[in-house]
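Protein chains in written order, with our numbering: chain B, 0 to 228; chain X, 577 to 852; chain G, 577 to 852; chain Z, 187 to 392.
You may find that some hints are simply not true.
Stated by the list, open to error - Here's a subset of chain G near chain Z, in silico, CB distances under 8 Å, partners left out:
(1) Phe-581
(2) Asn-630
(3) Ile-632
(4) Val-655
(5) Phe-665
Unchecked claim - A short, non-exhaustive set of chain B residues, derived as facing chain Z with CB atoms under 7 Å:
(6) Gly-27
(7) Asp-38
(8) Gly-67
(9) Gly-70
(10) Ala-71
(11) Ala-122
(12) Trp-159
(13) Lys-198
If you are wondering where the hints come from, they were derived from the structure by calculation, not from laboratory data. Idealized CB from N, CA, C, for every residue including glycine.
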Amino acid sequence: MKKWMLLTAFALLLIAPQIAYSMHIMEGFLPLKWCIIWDAASLPFVVVGLITINKKVKENPKLKMLLGFAGAFAFVLSALKIPSVTGSCSHPTGVGLGAILFGPFAMSVLGLIVLLFQALLLAHGGITTLGANTFSMAIVGPIASYYIFKGIKKAGGPNWLAVFLAASIGDLLTYVTTSFQLAIAFPAEVGGFTASFLKFMGIFAVTQVPLAISEGLLTVLVINMLSSY
Amino acid sequence: MKEQFILEAIDVSFEYSDGTKALDGVNMSIEKGKKIAVLGPNGAGKTTLFLHFNGILKPKSGKILYKGEEINYSHSELVKLRKNVGIVFQNPDIQLFSASVYQEISFGPMNLGYPENIVKEKVENAMKETSISHLKDKPTHFLSYGQKKSVSIADIIVMEPEVIILDEPTVYLDPKHVQEVMGLFDKLVDEGKTLILSTHDVDFAYSWADYIYIMKNGKVVAKGEPTVVFANAKELDWSDLRKPMLLEIYEILKEKEIVNGSNIPKNIEELKKCIK
Amino acid sequence: MKEQFILEAIDVSFEYSDGTKALDGVNMSIEKGKKIAVLGPNGAGKTTLFLHFNGILKPKSGKILYKGEEINYSHSELVKLRKNVGIVFQNPDIQLFSASVYQEISFGPMNLGYPENIVKEKVENAMKETSISHLKDKPTHFLSYGQKKSVSIADIIVMEPEVIILDEPTVYLDPKHVQEVMGLFDKLVDEGKTLILSTHDVDFAYSWADYIYIMKNGKVVAKGEPTVVFANAKELDWSDLRKPMLLEIYEILKEKEIVNGSNIPKNIEELKKCIK
Amino acid sequence: MLIDSYSYTNRMYNVHPVEKLLFAFLTMILCFKFDAYTNIAVIILMFVVTVFKAKIPAKVYIKLMLIPYSFLIISILTLVINVVEDKSIALVSFNIFGITLGITAKGVSTAIILFFRALAVVSCLYFLALTTPVVDIINVLKKFKFPSLFLELLQLIYRFIFVLIQAADDIYISQDSRLGYATLKNGYRSLGLLISSLFIKSYKDS
Numbered sequence: 000m001k002k003w004m005l006l007t008a009f010a011l012l013l014i015a016p017q018i019a020y021s022m023h024i025m026e027g028f029l030p031l032k033w034c035i036i037w038d039a040a041s042l043p044f045v046v047v048g049l050i051t052i053n054k055k056v057k058e059n060p061k062l063k064m065l066l067g068f069a070g071a072f073a074f075v076l077s078a079l080k081i082p083s084v085t086g087s088c089s090h091p092t093g094v095g096l097g098a099i100l101f102g103p104f105a106m107s108v109l110g111l112i113v114l115l116f117q118a119l120l121l122a123h124g125g126i127t128t129l130g131a132n133t134f135s136m137a138i139v140g141p142i143a144s145y146y147i148f149k150g151i152k153k154a155g156g157p158n159w160l161a162v163f164l165a166a167s168i169g170d171l172l173t174y175v176t177t178s179f180q181l182a183i184a185f186p187a188e189v190g191g192f193t194a195s196f197l198k199f200m201g202i203f204a205v206t207q208v209p210l211a212i213s214e215g216l217l218t219v220l221v222i223n224m225l226s227s228y
Numbered sequence: 577m578k579e580q581f582i583l584e585a586i587d588v589s590f591e592y593s594d595g596t597k598a599l600d601g602v603n604m605s606i607e608k609g610k611k612i613a614v615l616g617p618n619g620a621g622k623t624t625l626f627l628h629f630n631g632i633l634k635p636k637s638g639k640i641l642y643k644g645e646e647i648n649y650s651h652s653e654l655v656k657l658r659k660n661v662g663i664v665f666q667n668p669d670i671q672l673f674s675a676s677v678y679q680e681i682s683f684g685p686m687n688l689g690y691p692e693n694i695v696k697e698k699v700e701n702a703m704k705e706t707s708i709s710h711l712k713d714k715p716t717h718f719l720s721y722g723q724k725k726s727v728s729i730a731d732i733i734v735m736e737p738e739v740i741i742l743d744e745p746t747v748y749l750d751p752k753h754v755q756e757v758m759g760l761f762d763k764l765v766d767e768g769k770t771l772i773l774s775t776h777d778v779d780f781a782y783s784w785a786d787y788i789y790i791m792k793n794g795k796v797v798a799k800g801e802p803t804v805v806f807a808n809a810k811e812l813d814w815s816d817l818r819k820p821m822l823l824e825i826y827e828i829l830k831e832k833e834i835v836n837g838s839n840i841p842k843n844i845e846e847l848k849k850c851i852k
Numbered sequence: 577m578k579e580q581f582i583l584e585a586i587d588v589s590f591e592y593s594d595g596t597k598a599l600d601g602v603n604m605s606i607e608k609g610k611k612i613a614v615l616g617p618n619g620a621g622k623t624t625l626f627l628h629f630n631g632i633l634k635p636k637s638g639k640i641l642y643k644g645e646e647i648n649y650s651h652s653e654l655v656k657l658r659k660n661v662g663i664v665f666q667n668p669d670i671q672l673f674s675a676s677v678y679q680e681i682s683f684g685p686m687n688l689g690y691p692e693n694i695v696k697e698k699v700e701n702a703m704k705e706t707s708i709s710h711l712k713d714k715p716t717h718f719l720s721y722g723q724k725k726s727v728s729i730a731d732i733i734v735m736e737p738e739v740i741i742l743d744e745p746t747v748y749l750d751p752k753h754v755q756e757v758m759g760l761f762d763k764l765v766d767e768g769k770t771l772i773l774s775t776h777d778v779d780f781a782y783s784w785a786d787y788i789y790i791m792k793n794g795k796v797v798a799k800g801e802p803t804v805v806f807a808n809a810k811e812l813d814w815s816d817l818r819k820p821m822l823l824e825i826y827e828i829l830k831e832k833e834i835v836n837g838s839n840i841p842k843n844i845e846e847l848k849k850c851i852k
Numbered sequence: 187m188l189i190d191s192y193s194y195t196n197r198m199y200n201v202h203p204v205e206k207l208l209f210a211f212l213t214m215i216l217c218f219k220f221d222a223y224t225n226i227a228v229i230i231l232m233f234v235v236t237v238f239k240a241k242i243p244a245k246v247y248i249k250l251m252l253i254p255y256s257f258l259i260i261s262i263l264t265l266v267i268n269v270v271e272d273k274s275i276a277l278v279s280f281n282i283f284g285i286t287l288g289i290t291a292k293g294v295s296t297a298i299i300l301f302f303r304a305l306a307v308v309s310c311l312y313f314l315a316l317t318t319p320v321v322d323i324i325n326v327l328k329k330f331k332f333p334s335l336f337l338e339l340l341q342l343i344y345r346f347i348f349v350l351i352q353a354a355d356d357i358y359i360s361q362d363s364r365l366g367y368a369t370l371k372n373g374y375r376s377l378g379l380l381i382s383s384l385f386i387k388s389y390k391d392s
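When you get a sec, could you build the whole thing from the sequences and use the hints?
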């Protein structure tokens, strides 16, 4: 079971083209107004995240190191290249994994930091779009993942299903948010926001759905491995 | 009378949560200002014992004394203990967690609550003592292994502890770096610090230490001055350790009556003098 | 004529992408079936050279020869080369990446595409040779350091390479484990394998190796049989290395005319025989 | 991690980080406020400063500029191709499933502005990233009184990134030496093992 899941996960990552990077809205792409709006929208979540982490760290000082490693792990994962025939590569996001392990609010802080380092060290994303990317990848995605996971567990669903859906739907909602952010900043001449939103969703559906599924499978594997340790 | 011992372990036993018995009735009395080497195979309990000396671990039974007084594991006393008993861990990669060298070394004094200018002064001194002043602004990940090791030693020196414990300090270091850190250790002992280190290198322990403990399976199986502990310890199981080469050669030469038998030599210079 | 050399580096130079010059015109000719030790300080280029020997790195200039033929870095030839030249890396914690010992050791033969029953047989043989059969189903993270080291050696032995390269194989092992792995290495040489290892331990290299290379700053600065390379190499900069203790004592004894000067001893037994 | 190593070795390493940050950010804001010509000027300016003053190799800089291209091209195409009701205002148009899609002059001018603005702002980011070490940036944030927990996490993550990259690199070499990437199938399996063992190692070390 593990074997086929791993193979499927990588096969899907393989098919997905390089646009995997495009979840990060590039530096300078959003108008200044929207940069500031998304900064402001992300800020409260990050503040709540910091307060939550602060409380937990006071109870258990070792948690700080763990969060440090979690953030670094997410970064390194995103920097790994997956070998493929075409030479293109794709990157797991770790959004769902982090949300399940550390909760959605801690992820808002870790996600912000990882995105900052991705901009500064890998030239993915940017400083002006940091707020917008944080909102989609470190806030919407993790919150969705976390509550999907909790919800399915509460309803008595199997662990693997909860993890799979949490990770893959979390991923998908991230793309939906990115599409929303692009569409609202750049409404179409005809059809306005809706038309623009549909266009971006169309592009993302092709490229990101296989990624979301593979991310879900990978997350199930990692969670399984962790529970066996 | 007791004051001469800066650190003591009295009948210390310890078990890890998974049930592994790591220490089994360990007794050790560390004299102030001495160079102590703890020898023993992997898994003998050396690191576990060290973690007792600065209060990270608490004995299951027995007690640890610092300057003749039993540690009571209150928060304030632990802070004092850890300031005075510093441990340099084996793998500097794990010990170093700050982004730059200055930040790394300033971590300890900052936590002790010194004002910024005092912290700066202390960090600069520690960097000078370990000869790494030129690395001040370097990011940690730019350093070579030997440099990381020096930084991890500066991390501890900067706190000005009375006892410095070093877990396998010479592992992975090339002879040149070993010589450098050994020079530093001697300087620290001259300044009145007490040094405890663990090592697998019997040749090194033999010529460096004032006093040697040999541990096995969580117990102290032999102790004494190096020449005594290695020469007389016929009861030692040499399958886990080996005799220092110098001592072995000395014994051969003695048997052939080539050397004087009065003083057992601790290094090549001394051996040279023994030869008739 | 050339066939006697199983591996050769000819004028090999290499630079890392950040511009660090790691190898600078290295020449080495490794004879089949010999025990080769490569000495040198940290950062001398030993590991970089080893990664050239199995084709992980490609020289910037110069060439690597396997059995007298230049490596051409085609996919199929690299596969063949890596099967025949195995590297045991320094830190077993990093080399082991599988959950269980069996899975770990089977990694190589699985990649070679052997059927499952053959893989099983090979893994079991390798475990027997390294005396770790009892660890078969253990998770790798439960192993002691010494056990991990043995597994990392089994990882390579299982692929039945002709040349086994060991990066600092004795570091951090206690004397008992060192003796064990040394016994294993001797057995492998008896079976006709060629062994190349890097080490900081001059005493060990001196008595173990058939041939020694000393590297510094990416260059080979001395080479030859141990007794020759250490005894004659007055031009060597001893700040980075030190003389083997045995040789140093032998030279003192020779000066005092206590030993015969004909054969330089390689171990204590031989020294004993030299004494008049 | 080429960007990181240049940030410590470039010729503008010793320029005060606040000056570099101000220069980058003020220029960024400029990019948003003015037209495409200003932005082209900024792209040239940043190239000159980064390559000739900070001595970052031009090849490296240009390679970095190519990173966001796939996003840029795809997003801009998505933006400019629209449903057009009146074929006459479209510069180019085509029919799919009975709908007319096309590109209008207005769309093109928006696209041009967007294209150069994004590249100009990106070049400001690259100037900053290539000349200013993360350690310095964190110190500046400290001066601006960012919460200490946030800064601590920033430092820990920065440090651990390199610990983990080193570990990933070592595992990769070890796997490659044992033919872990000899075939595509081996490659998937090896990478799965690499990721999970990296996770376990970092989990254990913390």
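Quick rundown of the hints versus the structure:
no.	hint	result
1	Phe-581	violated, 22 Å
2	Asn-630	holds, 6 Å
3	Ile-632	holds, 6 Å
4	Val-655	holds, 5 Å
5	Phe-665	holds, 6 Å
6	Gly-27	holds, 3 Å
7	Asp-38	violated, 13 Å
8	Gly-67	holds, 3 Å
9	Gly-70	holds, 4 Å
10	Ala-71	holds, 3 Å
11	Ala-122	holds, 5 Å
12	Trp-159	violated, 16 Å
13	Lys-198	holds, 5 Å
Checked against the numbered hints above, the structure violates hints 1, 7, 12; every other hint is satisfied.
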